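Using full-length UniProt numbering, the first residue of the sequence shown is number 1, and each one after it goes up by one.
Treat the hints with care, as some may be off.
Unchecked claim - Pairs of lysine-lysine residues, derived as DSS-like cross-links and limited to a Cα-Cα distance of at most 25 Å, are as follows:
1) 17 to 54
2) 71 to 54
3) 45 to 17
4) 54 to 4
5) 4 to 34
6) 32 to 71
7) 45 to 71
For the record, the hints were derived by calculation from the structure and aren't laboratory data.
The structure displayed is predicted, hence computed values, not measured ones.
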Amino acid sequence: STHKPGRLTGADGSDAKAGTMATVFGWGEVSKEKYTDSLQSVAAKIIPDDECGKYAIDTDVTLCAGTERGKGFCSGDNGAPLISNGVVVGIASTLPGEANDCGELPDMYTRVSHVLDYINDVVNGGSTGNVTDSPPSNEYTAELSQ
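Could you build the full structure based on these sequences and the hints that come with them?
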């Protein structure tokens with residue numbers, strides 16, 4: 001096969017600096033409830049953490065990238081790669097705003113640099129992918145039920 005696995009960013013996250021251009025790929029929604037069989041891509045500029053913080057709770061975990069208005073990842077694209085400098089720097093995770101507002105606000109991605117140890121552990125057979133060993137505490141459960 002001519003296809004190769006994507007290279008992942010380093011732990012320092014230096015491939016995902018603010019202002020860097022990146023590309024997101026996916027097969028998600030291209031218009032209201034319309035999907036495609038063709039891989040789509042769109043250019044996105046990585047946004048500074050202070051601006052991303054307006055939309056994301058934790059910019060250590062999340063990076064934001066903006067696209068041309070009306071473009072970006074959408075429903076069906078979760079898990080799509082954000083590639084910058086030839087490496088995967090983000091994983092499409094959250095759309096700020098309403099689900100039908102695709103491309104209206106910056107898209108949010110899980111920083112690959114933040115989860116790199118976990119990815120390497122799973123790939124190397126060190127984990128089954130279960131990230132929790134115990135159920136949530138009663139305090140947490142109580143908060144959810146209120």
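Take a quick look at whether residue 17 and residue 54 sit within 25 Å of each other, Cα to Cα.
-> holds (18 Å)
Holds or violated: are the alpha carbons of residue 54 and residue 4 at most 25 Å from each other?
-> This hinted pair is violated, its Cα atoms lying about 36 Å apart.
Take the C-alpha atoms of residue 45 and residue 71, compute the straight-line distance between them, and say whether it is at most 25 Å.
-> This hinted pair holds, its Cα atoms lying about 12 Å apart.
For the pair supplied as a hint, residue 45 and residue 17, confirm whether the alpha-carbon distance does not exceed 25 Å.
-> holds (10 Å)
Under the criterion that the straight-line Cα-Cα distance not exceed 25 Å, is the pair residue 71, residue 54 satisfied?
-> holds (20 Å)
Is residue 32 close enough to residue 71, meaning Cα to Cα at most 25 Å?
-> Within the cut-off at roughly 13 Å; holds.
Mind checking the alpha carbons of residue 4 and residue 34 for me, to see if they're no more than 25 Å apart?
-> violated (29 Å)
The structure does not agree with the numbered hints 4, 5 stated previously, though it agrees with the rest.
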